[in-house]
Amino acid sequence: MTSAPSTSREVKLSCRNVWKIYGDTAQSHFTARQGDIGDEDTAKAHAQNIRDAGDIVASANVSFDVHVGEIFVIMGLSGSGKSTIVRCLSRLVEPTAGEILFNGENLLDQTPQQLIEFRRHKMGMVFQNFGLMPHLNVLDNVAFPLELQGIPLAKRRAKAAQVIELVGLTGREDSFPRQLSGGQQQRVGIARSLAVEPDLWFLDEPFSALDPLIRRQMQDEFLRIQAELNKSIVFITHDFLEALRIADRMAIMRDGQVVQIGRPVDLILNPADDYVREFTNDVPWEMVLTAGDIVLPGDAATDGLQVVDATESLLDLLPVLAAHEEGVAVRDSAGQITGVIKARDFVRALASGSEATTQAAQ
Amino acid sequence: MSRHTQPLVWATLAALTVVLHALSGPLTYLVTYPDAWVASPTDAMNAGMQAFVGVFGPMFKVVGSILEWPIWAAQNVLRIVPWSVVALLFVVLGYAASGWRLAAFVAVSLLYMAGIGFWAESMNSLAIVLISVPMALAVGFGFGVWGAYSERAKRIIMPMLDLLQTIPAFAYLLPILILFGFGTTVGLVSSILYAFPPMVRNTILGLRAVPSEIVEAGLISGATPSQLFWKVKMPAARAQMLLGVNQTTMASLSMVIIASIIGGTNDIGWEVLSTIRKAQFGESLLVGFVIALIAMVLDRITYGFATKDRAMSGAKAQRALWTYTLIGAAVLAALSLVVPFFAQWPATWVFDPAPQMNAALEYVVINGRVAIETLKNSAFFFLMLPVKIGLGKAVSPFTWGFALTPALIAGYAVIVAAFAAWAYIKGKRTLAALALLAGAFLFVGLTNISWLVLLVSLVCASYFISGRNLAIGTGLGLLFLIVAGIWPQTVLSLYLCGLGVLVCFIFGTGIGIWASESKTVSAIVRPIIDTLQTMPLFVILIPFVMVFKIGEFTALLAVIAYAIVPAIRYTEHGLRNLPESVTEAATAIGATRRQLLFKVKLPLALPAIMLGLNQTIIYAIGMLVIAALVGTNGLGQQIYIGLGDGDFGVGMTAGIGMAVIAMIADRMTQAVSKRKQDEYGLSTDAP
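Protein chains in written order, with this note's numbering: chain A, 1 to 362; chain B, 363 to 1049.
In the DSS-like style, the derived pairs of lysine-lysine whose C-alpha atoms are separated by at most 25 angstroms in a straight line are:
1) LYS593/B <-> LYS678/B
2) LYS678/B <-> LYS155/A
3) LYS593/B <-> LYS159/A
4) LYS1038/B <-> LYS790/B
5) LYS593/B <-> LYS516/B
6) LYS670/B <-> LYS593/B
7) LYS159/A <-> LYS678/B
8) LYS738/B <-> LYS755/B
9) LYS159/A <-> LYS122/A
10) LYS122/A <-> LYS593/B
11) LYS155/A <-> LYS593/B
Please keep in mind that the hints were generated in silico from the structure rather than gathered at the bench. Note that the structure is predicted; figures quoted are calculated from it, not measured.
Looking at chain A on its own, in the form it has when it is part of the complex:
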């Protein structure tokens, strides 16, 4: 579920060496907004220099790509710069240096007028505290972006009604935001961000303000909507399990810098440093690891064994192993049998995260 590769390798949005510095002399640290100042160590040293000069580094040399139809999650603790970076992508915050490429075109070069047009048609955003207009009812809130575009009342209301149905709020059109529960308000926020049919969908901790049960429901709902619409998504969260559930790929941030980018399973199996490992420690391994991850390569006899796919999660493997004491054979995506898993291997893998890591690294 989590490690399915994105269907396309076509890059929709590319964040290249983006820096955001706050302070009086912010701009003086860069020439011509050039964010690419060398390799990783040079960038780190530069960030430290800026801090020493008394300015605040909110984002430092952040680079990543978002592919078409991909859910890209940015995860980090509060203050790690994840909200800043998503605001840089939408230019709600003006990056100090770097490039934001949309279909290869630098968004930072756009004039204010172009930016407004771009936001009106290509971008949607969902906010942690919903950001609903308190003076508009549900229908008009959802239709608000269309109103700004000058679309006639009847047409925009029809469109809004359509998105409201998509998020399951039909019947509440006349309610005002304060009459709705948190979950319902965020459905309105989601509907509003989708009303303009954007290519890019930004969600800034959309479910963090909700109760755990509702959060779970909303995640499922979000995945359902995405399955239907196939947007290119940047999703911010501080909850690693949430990231795990929904991410195609994810980046972990700390102190404004990207610590690691990869599929969730890559981060779990190969944490770049202790910071990343801290997050992955509590993760239930059987949910993340697949048969392919723990299989022992070798030429053990595989004849007559039950065959499972390498992508099968350990959770699903559990009942199969229980029924087959002699173990199961694992088949990779090419149809080749790569090895055997026995109950003992399974237990060992779960018992020791480091061992699993070592094995996967081989």
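With chain A fixed as given, assemble chain B onto it according to the hints.
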């Protein structure tokens, strides 16, 4: 500076007070500021003003006569339109603002105005308000938007507003009167100047408080800058701005009434003033009640719209309501052509209970003379006089029934010293030193204290409370008053104001605490203070003048009646709005109700209580100026004299004096509140 400095400073000042008092012979110039040293700015100010009027006067006169047109038009419209139509419109406004109960209240109020025979005067005052409010709102909105968008503009605008709001309303009148000449324009211009600051504050507050996510949601939806302002920020800040409309309307009315003092206008404020002056108390009370009703009606209607829940009212129902209203108005207008009753309240129906009221009052005053005199005299002899001229002079066989012998003086000194010693032993050195100072001050009397000692005391207080900047500001401000030669008046104002504030603080805080602990008390107190607060200042004077005649005691009572409101309100609000977790924690630990109040709630509510004190002082100063009408000798009287003689210099100097006192007191109390808030990490909002 070590922690011993403060007690040392206070003790030294206490000693100095007594020594200078005893030795006043050779060192008189340290006690009473010598006339020879006075450099009065009044002549220079008058000359400056004359030069200014010489150049720009004609321009102001032109503007003034242009401004008279809309007032004239509004007054005529309100005069020509039948009273029944105006009444209908206001009743429907009341209904639209908050429902049937307000509509009924509006209807009764309007019937009273018509029935008592003051419809025309009321409408004349209302006309000025109706013209001044939109202008004040426009000015306030403009500055507010500017201040909301530009930090630099805000830094310029906010102190300007502070200044405008701390200068007593009375002092505004003088320059405006000189620039524009007699006429309704003075009322209009002064009420615009007085009423626009609240709109600026609320606009800035409202626009800046729009949650960033709402703004971002607007931006991300592709709002242009103007769409962002009109479709996102304005609607989100609407409620706050409507509160600004409410406050601006009330300030405007209040100033329009005050401006009546200039005279020549046939409005309701003038009616009150002239009846007070003619000692027609029944009449003045009846008319004062009209003003109070106008104030309450305007307040409830604008407040109703400000707090109205949009979700509850359908646009369709609104449209229908106003359609029916217009039809109704048309019908009434047509009827008024046929039936005179609808056009004008019949003179024979005018109900005038004033003679009976006067008779009743006379009865009360004559028969209760002993009680009234006793009350007045004991307050005067035992409280006001000692503070004013000191125990040393106030205690005499005539006032206290015995003479102040050296033995008694020694006894007084021993009591003060004993208290100070007790505090010192308890480790409260500052308290000990302050007790000595208070003892010295009370013996010498505020008006007899050396100007130098008083100046140094206030500068030191500023320094200890807030730091060097405030100390410098206090020093310069007070020096100006001393050099300008209005120090005696300043001290008189300080005395009356200080006494009023003290009483307000003690009783107001007490009532506030009681109200916070008891729902019944709160339910009784709240409508009373709400009413007192909407009441224009003049009106509050009336009942006290009726019973106690003119004099300082009456002025003091009026100051207390008006200034006690914020003391009660802020205390109750502060106590009721503490973080629940704190009180719950204290209860869980096992605090009794008394412990909870004294050990937890009161200390935590201190910042709010200090803000209440701040407002109490500002209110007291505002009332003090008005109270000059009933006989006080402080700065208020100077302003009044300046106004009466058209002497710009005298009035303005006194006005500045008031503003200086107000600002020093404001900064000191704010600083204490701020420090406590920072200490507790709490934020305190106004109720």
